[in-house]
Every structure is written in C-alpha cells, then in structure tokens.
Amino acid sequence: MSTVTSTLEHLDRGPLSRDEMAAVVARDIPDGSFVNLGIGQPTSVAGHLRPEAGVVLHTENGMLGMGPEAHGEEVDPDLTNAGKVPVTEPPGAAYFHHADSFAMMRGGHLDVCVLGAFQVSANGDLANWHTGAPDAIPAVGGAMDLANGAKDVLVMMTLFAKDGSPKLVPACTYPLTGVGCVSRVYTEVALFDVSGPQVVVLETWGTSVEELAGRLDVPLHRA
Amino acid sequence: MSTVTSTLEHLDRGPLSRDEMAAVVARDIPDGSFVNLGIGQPTSVAGHLRPEAGVVLHTENGMLGMGPEAHGEEVDPDLTNAGKVPVTEPPGAAYFHHADSFAMMRGGHLDVCVLGAFQVSANGDLANWHTGAPDAIPAVGGAMDLANGAKDVLVMMTLFAKDGSPKLVPACTYPLTGVGCVSRVYTEVALFDVSGPQVVVLETWGTSVEELAGRLDVPLHRA
Amino acid sequence: MSRTQFHTGTTAAEAADAALAASGITSGMTVLVGGFGMAGMPVALVDALIRHGADDLTVVSNNAGNGDTGLAALLAAGRVRKVVCSFPRQHDSWVFDGLYRAGRIELEVVPQGTLAERMRAAGAGIGAFFCPTGVGTLLAEGKETRTIDGREHVLETALRGDVALIGAHRSDGVGNLVYRKTARNFGPVMATAAAVTVVQVDEVVPTGALDPEAVVTPRIYVDHVVDLSPATGPTTDPTTDPTTEEPQA
Amino acid sequence: MSRTQFHTGTTAAEAADAALAASGITSGMTVLVGGFGMAGMPVALVDALIRHGADDLTVVSNNAGNGDTGLAALLAAGRVRKVVCSFPRQHDSWVFDGLYRAGRIELEVVPQGTLAERMRAAGAGIGAFFCPTGVGTLLAEGKETRTIDGREHVLETALRGDVALIGAHRSDGVGNLVYRKTARNFGPVMATAAAVTVVQVDEVVPTGALDPEAVVTPRIYVDHVVDLSPATGPTTDPTTDPTTEEPQA
Chain S
34 MSTVTSTLEH LDRGPLSRDE MAAVVARDIP DGSFVNLGIG QPTSVAGHLR
84 PEAGVVLHTE NGMLGMGPEA HGEEVDPDLT NAGKVPVTEP PGAAYFHHAD
134 SFAMMRGGHL DVCVLGAFQV SANGDLANWH TGAPDAIPAV GGAMDLANGA
184 KDVLVMMTLF AKDGSPKLVP ACTYPLTGVG CVSRVYTEVA LFDVSGPQVV
234 VLETWGTSVE ELAGRLDVPL HRA
Chain X
34 MSTVTSTLEH LDRGPLSRDE MAAVVARDIP DGSFVNLGIG QPTSVAGHLR
84 PEAGVVLHTE NGMLGMGPEA HGEEVDPDLT NAGKVPVTEP PGAAYFHHAD
134 SFAMMRGGHL DVCVLGAFQV SANGDLANWH TGAPDAIPAV GGAMDLANGA
184 KDVLVMMTLF AKDGSPKLVP ACTYPLTGVG CVSRVYTEVA LFDVSGPQVV
234 VLETWGTSVE ELAGRLDVPL HRA
Chain D
15 MSRTQFHTGT TAAEAADAAL AASGITSGMT VLVGGFGMAG MPVALVDALI
65 RHGADDLTVV SNNAGNGDTG LAALLAAGRV RKVVCSFPRQ HDSWVFDGLY
115 RAGRIELEVV PQGTLAERMR AAGAGIGAFF CPTGVGTLLA EGKETRTIDG
165 REHVLETALR GDVALIGAHR SDGVGNLVYR KTARNFGPVM ATAAAVTVVQ
215 VDEVVPTGAL DPEAVVTPRI YVDHVVDLSP ATGPTTDPTT DPTTEEPQA
Chain G
15 MSRTQFHTGT TAAEAADAAL AASGITSGMT VLVGGFGMAG MPVALVDALI
65 RHGADDLTVV SNNAGNGDTG LAALLAAGRV RKVVCSFPRQ HDSWVFDGLY
115 RAGRIELEVV PQGTLAERMR AAGAGIGAFF CPTGVGTLLA EGKETRTIDG
165 REHVLETALR GDVALIGAHR SDGVGNLVYR KTARNFGPVM ATAAAVTVVQ
215 VDEVVPTGAL DPEAVVTPRI YVDHVVDLSP ATGPTTDPTT DPTTEEPQA
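Chains as they are written, first to last, in the numbering used here: chain S, 34 to 256; chain X, 34 to 256; chain D, 15 to 263; chain G, 15 to 263.
Next up, chain S with everything else stripped away, as it sits in the complex (with noise of 0.2 Å):
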C-alpha cells in the first residue's frame, strides 16, 4: 500500500457516495496487483481500475485475470464471479480448480482484497461472516480464507451500522473472521489504517478528525 505522510481532512465536500468509496479504493490498489474482490460492494472497485494499470483480477472460483461483467450474448453459465454473476474472459486468464484456487489465496500470493464487514477492530479484527443470531444460517464461504491469505486486506463498509452503533470498535462483538488481517478501512467519511499498533486516520471526507474521534470508541491518531 502507498504511504500516506500527512492526514487529509476534505471539509469542503459531504461524505462519499458507494461509487466514490469504490473509486478511493481503486485508487490505492498498486499498479500490477493481484487482486481479489469480494462479492457486494467490494465488486464496485472493478470499474474504477484503470485498464493501463494491469491489476489482474481474481476470483475464488478458480479464474486469474478475470473480465468484467458479461451482458447480453456474452453471457456464459459456465463463467462466472464468486456471487454467481457471469463475467468475460479476456487473453492471459487462466482456470484452475477450487484446490489450487485456495492455494493461491492461502499461500499469500495475492497482494490485495477488498472485503465487506460487520465490524473491524482497533487492531485489524475482521466480522463479515456471521451476525451470532441465535436463529442466523452461517454461511462462511471463502471469507476466512481471503481474510488470512491476501497481503493486504482492505475493508468496504459504511462507519456506522443503521442503529447508529461505530462499526470500527475496540474489540468486535460478532464473531470473528480473521484476527488482525485488516490493514485498511474505506468508509464514507474516512479512511483508516489498522495495520499498526493504533489506529491512524489517513483520509476524511466531510468531517474532521477529530470529529470522528467523538463518535467512535477507539483512540484515533493522525498519519
């Protein structure tokens, strides 16, 4: 991930939009990255990365170099994304099973994924998989696997659930996906390092600081 010397409060604007959060998070992917995009929002980035950048996509489901979406004649049941949606195949993708699809997550050869969550903590704790409803289906899929294996996890997610409650918390209250596999959080009024010892605002947009810090129960600290 680039390094960010000064934090960067942009008073002069409201919050990020779902579409621009998704652009912030292209932005900070490296030229040339192997990259995973989870299913829901995460997926958004895809448009936001510039084709002369040669980020090379993968998905879960045994592809590297993935397309975009297909529409129309292009779809093909055979080919899809990990939440099941067809998608193209452009020269130099290559297939390969589900084993060896996990491999190459686990192993630690993708450089960057970008996960939805429930809650990250203070020290880089991931929930995205399950709410701990007494009467909640779990249902895992290859989030904990992403979770441990990309170099960098990054997170998409709004910075307050509907209740009003932070989702960047001391410590999660959901059960947990990984433990301190986060490096980064997106969020639409913030960007936040969670890859060191505290947790440092790199990014505000349409609030301060130190705003935030009222707001949230974790200490916040300026790059």
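Every clue listed holds true.
Subject to a maximum C-alpha distance of 20 Å in a straight line, what follows is the list of computed EDC-like cross-link-like pairs (lysine to aspartate or glutamate):
| hint | chain 1 | residue 1 | chain 2 | residue 2 |
| --- | --- | --- | --- | --- |
| 1 | G | K96 | X | D168 |
| 2 | S | K117 | D | D106 |
| 3 | S | K117 | D | D82 |
| 4 | S | K184 | G | D176 |
| 5 | S | K184 | D | D163 |
| 6 | X | K117 | G | D106 |
| 7 | D | K96 | S | D168 |
| 8 | X | K117 | G | D82 |
| 9 | G | K157 | D | E158 |
Simulated restraints, written as ranges between beta carbons of each label pair:
| hint | chain 1 | residue 1 | chain 2 | residue 2 | range |
| --- | --- | --- | --- | --- | --- |
| 10 | S | G239 | G | G38 | 36 to 46 Å |
| 11 | X | D64 | S | A86 | 49 to 59 Å |
| 12 | D | E28 | S | E53 | 53 to 63 Å |
| 13 | S | E85 | G | A36 | 18 to 28 Å |
| 14 | G | G38 | D | G42 | 48 to 58 Å |
| 15 | X | G165 | D | G164 | 31 to 41 Å |
| 16 | G | W108 | X | R248 | 31 to 41 Å |
| 17 | X | R248 | D | R165 | 50 to 60 Å |
| 18 | G | A36 | S | V37 | 24 to 34 Å |
| 19 | D | R165 | S | A256 | 23 to 33 Å |
| 20 | X | S241 | G | I162 | 38 to 48 Å |
| 21 | X | R60 | D | W108 | 52 to 62 Å |
| 22 | S | R83 | G | G67 | 32 to 42 Å |
| 23 | D | R115 | S | P110 | 24 to 34 Å |
Just so you know, the hints here were simulated from the structure itself, not pulled from any lab data. Built from N, CA and C at the ideal position, the CB exists for glycine as well.
Model the placement of chains X, D and G on the given structure of chain S, informed by the hints.
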C-alpha cells in the same frame, strides 16, 4: 490379486529366467489395473502385458497411460519414464506435475506397483533403498511413496543374495523402505504371499516347498 | 480395476439412472456433489440420486442447494441427514433454510478453501494438515492448534466421500476429463476424494482427441461417465472406437 | 506487484544473466531447481547462477546433478552448502559423490513425493501435514508421528525457497506457462513455493495464444522469464504485442 487355492510346484523344469519372472508378474496383474513399474527389473514386466488387458501404466515423473520405450526418431528428451529412459505417448495419456503424481500414488489410487528389493521380511516389510553401509550414499527416490501408496506392492527379486544368504528373512537387516507393505514376492524359484500372518508359497519352479523350507529362515506354508 | 464404465440409455436420465445403480451408492453414505452455485452442478446425476432412493445421506458441496431443483430437490425429498458446505445461505436457498430452521438437517460449515483442501488431502493420502484459515474463529473451536514459523495454524483432517457426483465438459473414451471455464471448481478435487466417482459430461470424444497436456482429471479418478450429449443412446463403446474426428479440446 | 518481467539479450546467456541479477538471489539462499534428471532442468539458468557467483547455497532438486554440466557444475564450483533431494546417487553423479564422500557437502534425503508435497504445502500456505510415507524408516526418525484413521503418519513441514529456477515450454506475454510432456515434473510446484520464480522457456507466445483451460502455471507465480528461442534478443515487450498469430498451445 487373484486367489490361489493350492500351491503349484513346477518340478519338471528349472528356475525362472529373468524374462520368465517378468512374465509371471505380468500374468498376475488383473486386467484394467493402474500399475507403476519400478526402475530396473520391474520395468521389464511392461513387455509381457497383453495389450487387450488394458493395463494402464503410471510413471512417477508425471504421466498416466505411458507407452513402450521409444526408439529412433520417437526419442524425445522431454518424455521419459522414472528410470529416465525415453518412452512414448499413446492415445489417452495424461501429464501432471510431481505433487499431483505422488498424490495419485499416496492416495491409494494405483492398483499395483512392482519393485525390486534387497530384502523382504515374513510380515511384508520392504528394504530396497539403502544397504546401510557406512560409505553408501542414501538415495530413496519414489520407493517409499510407492511402497506406501499402491494397493498391492509386488516385489521381484532373486531369492538369494550373491553370498547365498536368503533375501526373504524373518526381519530385515537393511534399513526399511516400508512396513508391512508387500503383498507378494516373485523370485526365480518361488512366488510367496506375505500379505497375511504367515508366509504362503503359491508356486515354485525347479524346487519344492520342502526344499525351500530348508534354505530359508522363515516358516513356509502351503496355500 | 477402476477402468471407466460408460453409461448410455435412450435418454440422459436413463443413462444417469444406470450410472447411479452401478456406483453402489446406498443409504447412509457420504456424497460429494460438485458445483459452485449451478456452474458445474451435476443436475442429471442429482436427479438420478433422487429417483434412486438412497437416504440418510451426508452431502458435501459448496452450497446447500439453489431454488427447487438439483441439490435443493434432494434436500426437499428428505434424503439428506447432514450438509457439509461453506455457504448454505443464499437468496434462493429456501429449501435448506426451512429444513435447518425446523431442526431437520445438520449443518457443518467449513471455510471454502479448507473444504477444498480437506478433500484434496483425502485424495492425496494426507491424513491431516495445519492450516492458518479460521484461527481464532468459531470454526476453529475445539480444534488442535499449533504455531508454525510464528503463525498459528489449526489442524484440519482429510474429508473423504463414498461417492462423488460431478459435472465435466468432455470425457474421452477412457475417462480422462476436461472442464469448461469456472465450472471446473470442485470437480477435479472431489474426483480424487471419493471411493467411486460418477461424472456427467456434455459429450464424449474419441480417445486421442483430448490434449494430454490439458487433461485436468486423469482417467484413474473416473469410474462412471454419463454422456449428456443429444447423441446419447445405445452406441458403440467409445473405448473400441478411438477415431480422432474431433479437434483438440 | 509481481507482474512478470521478460529478459532478453543478444544471446540466451545474456538474458539469463539479466534474469538472475534481477531475481535478487544472494549467497546463503535456498534455491529450488526444477527437473527430473535433465528433463525440465533449467540449464541456462543454472549456468547463469554459476556466473552470478552466489555461494553457500542450499539447493532443493530431485537429483544432485548429472555429468559435469548444469547442477553438477554448480556443485563442482563449490557454491552449494547443502543439497535437499530424493535421489542423489546416479550412474553419472560423480561430482556430488566426490563432494559427499569428502565431507564437503550436506545432504538431506527426502522421499520424492514428500519433497514435492512439502513444496506444494509451502506454496499453498499449509504449515505442515501428516503423511504416511516413510513411517517406520530412517527418514522418519526424530519426527512426530500420529495415528489417523488407523494408519500411522509422520509430520512433514513446508519447504520454501527464496528463488526457484525452472524450465517450461512456453510463456505467454504475461507469464502464464505451459510445459512439455514429463518435463513438467517439479516446475509447477516449485513456482508456487519460492518467493521469486525465474523461468527459462523454449519460446514466448503472444498473450491469448495459450488456451486458458490448459495453462499449468498461472502468471501470478512467475516473476522473471528468459526466452531461449533463437529469436531472442532486443524485441518488443510481448505484453504490448498481444497479437494472436500462434496456434493454441
């Protein structure tokens, strides 16, 4: 392996030649088996397999459906057997890498392998990789993988060493390759089943069970 | 011994029924079912399994059924005692959801890569392995852990099937398989992990028509092949007709 | 990050020298060297390693050199502290034999399948695994054992390289690889197990010319490619010339 109901003693002839030994091994390999033939004498079994038996040869260096030895213009340095002898590629062959090749072996998918031996014990222990001599350079290759992997491990060896000592022994004195792994031992004078609690002589050539019993230190039984 | 058998019939369903009958599948067995969602899902074989009648099954599959067909129909028919999967909960997994909430089906959730690796271990003769995935989570609770090279790992065991039902694109006349795009997914791993593997294929091509460099599942892992091509039906045994009229796959 | 770099020169040796320099290889490192005997042996890269000068190396390879060239020449040059292999002793391994008997080289003998599987584990993020091979033998002495499903297993650990030197048949313009026949052997496994992988290929074909179903080593594992084809030399970057004039590989 086929079931033998009573011991057959061929007293009207001498011991088997090396070529006849290979033919006897080939005779006992069930039709349609997947087979690995070890380096050296076991390789000669291939020439005695009837094409219509549909036996499929595996070579540890990454091929299933290996063809016969290559000659003349067929020779391709990229296509060899485990003994590094050039071989051929018949229709229906498949190539794979070394981890996949040994997964096939270790996973118990091969029906039969044929190996040479320094010693086999009465309970089916195999010693074929190391003389234990202080100045010997140890070299194991795929011997331990084969000994532990195939459903039936057949050994081809002379029954006596050059110094006249028996190679079918109560307990191996050479370092082991595998424990209790051998099913049958094919020698120039007798075929032994060592898969059960006692050594059973299935067939003899140019000698009788009684005569053999006097020359070996292991109790022999008739089928 | 494990020479591949080819099953034909006047319909693909008949061929699939014949393959299921020949597979030796019985009640109480563990069945590995290929596919990631519907891609690679062997629907004809799962339908045949429903007609076959075996019950009290443990099913290992990435998902727990979509809509009302395939695996979902097998669940709806009450044939499955337990599902081992990574991702049961989907927008169209109402059959599983209902059974689970009613307490009528057991569930073992396994991280997707660990699910694949446990089957790979079974096929490769590896008894168990230390894996970093899931450490510190509910899914590692009660499992042995060990720190290796400074990183905590959890011990995971081989996951074996009695029968695997998978989908592939093409078989040649001896059972070598190739797949199509991301429909490959769990098929090659499951084929190695089960005592008996049954495959449905889009077509059977002559032996020699598949590039030996591109075979994904070698014939040794394939016991029964059901040809779904429109041309299926009582034909000559492909093993005795090794003409090479098809292009390389 | 790990985008594949292509190295050219007026000769293949120049290209190999450039690749070795770019690989960051230094004295004391562990180097995985592909090949089974001479099939798949990356002779041009091993020769470049000799010219490079790094010493005190640990070499992991199936054999310990044949004749006087390739790996044997590296050993003869005194650059290797330790060999990890399955089968050092061959009719033409006189260089290794001499060094070993003189006590000038260390040897770790590993069963061939365990050697491959330990590297596969390193590439796949598996810390260690329980393996039945070698149980009850000298090669399992001192190792932890455990009975799993009634069978004794020995614990084997992941075997990682700093650099892998391998040979492949073709690369496309982004580093996807295919191999040729049994020359494939250890190459695909070693490519996954090393921090940096350097490959010599018979030719580089345009991106799009390899069948994505038949790629054996995906580009993510390939850091440096040396093109040995007679056409090597200062050419256009294949990544910017993705014409499809070659047949499918």
